[in-house]
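J.: One letter stands for each residue in the lines below.
Number of protein chains: 2
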Amino acid sequence: MINWYTPAPPQAPFFASIFNYYLGEDLEGYEAYDVQTLELVKQIPGFLGYESMKHEGRGTFISYWANKDAIKVWAQHPIHQKAKELGRNKWYRYYHSMIAEVQSFHSHSF
Amino acid sequence: MINWYTPAPPQAPFFASIFNYYLGEDLEGYEAYDVQTLELVKQIPGFLGYESMKHEGRGTFISYWANKDAIKVWAQHPIHQKAKELGRNKWYRYYHSMIAEVQSFHSHSF
Numbered sequence: 167m168i169n170w171y172t173p174a175p176p177q178a179p180f181f182a183s184i185f186n187y188y189l190g191e192d193l194e195g196y197e198a199y200d201v202q203t204l205e206l207v208k209q210i211p212g213f214l215g216y217e218s219m220k221h222e223g224r225g226t227f228i229s230y231w232a233n234k235d236a237i238k239v240w241a242q243h244p245i246h247q248k249a250k251e252l253g254r255n256k257w258y259r260y261y262h263s264m265i266a267e268v269q270s271f272h273s274h275s276f
Numbered sequence: 167m168i169n170w171y172t173p174a175p176p177q178a179p180f181f182a183s184i185f186n187y188y189l190g191e192d193l194e195g196y197e198a199y200d201v202q203t204l205e206l207v208k209q210i211p212g213f214l215g216y217e218s219m220k221h222e223g224r225g226t227f228i229s230y231w232a233n234k235d236a237i238k239v240w241a242q243h244p245i246h247q248k249a250k251e252l253g254r255n256k257w258y259r260y261y262h263s264m265i266a267e268v269q270s271f272h273s274h275s276f
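Quick note, the sequences are listed as chains A and B, same order.
FYI, in the working numbering the residues of the first sequence are 167 to 276.
FYI, in the working numbering the residues of the second sequence are 167 to 276.
Read the hints as simulated data drawn from the structure, not as lab findings.
Only a predicted model underlies this, so the values are computations on that prediction, with no experimental measurement involved.
The C-beta atom is built at its ideal place from N, Cα and C for all residues, glycine as well.
Honestly, I wouldn't trust all of these hints.
[To be verified] Reference excerpt, derived from the structure (chain A facing chain B, CB under 7 Å, subset only):
hint, residue
1, 260
2, 263
3, 264
4, 269
5, 272
Whole structure, please, built from the sequences with the hints as guidance.
T.: See below:
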């Protein structure tokens, strides 16, 4: 389920920053940065919402954005930069990241 | 990890069809369709790869595509249509689906 920070799910088009990772052995400091970066992302203008899924050392974090400039602000924030550096050097065995323009979006609850 | 069906990860831009769901109680027939639709998607020209993640009744299936016409072929295939109908009427408590244009993609293994 997406945690929207907008009154209603946004209308496409909007943007997604998709981050997918496998954690390694040395997770020292990981949890604290995970909490801190999530708090940070919520404060950036243009942030719309996020979803996160973790299972057996594998995870996906997708954040949704009104525009690409907002993603750039998020990407270049010093705390996020530091988390990325630690991730590359210590926490992750693998990751991929994508910036995508969401061209259609539908959700249904039954 | 993305299961690429291309010799190397594709260069952006390409397309993603993102499907996210929570399963309900009645899963009769679900597993069989899950296997069948995955076999089907691999046969459609323009299919590039996929990733799937399931945990505690929640799941994400992302398929990657060379173009949007290929996604349309996949969306309109009778087996996929039937799976979507069963999903709406029986298997899912919630789902969302998105079509997105991937504008940048980077992956790293350490």
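J.: Tell me the hint numbers this structure goes against, listed in increasing order.
T.: none
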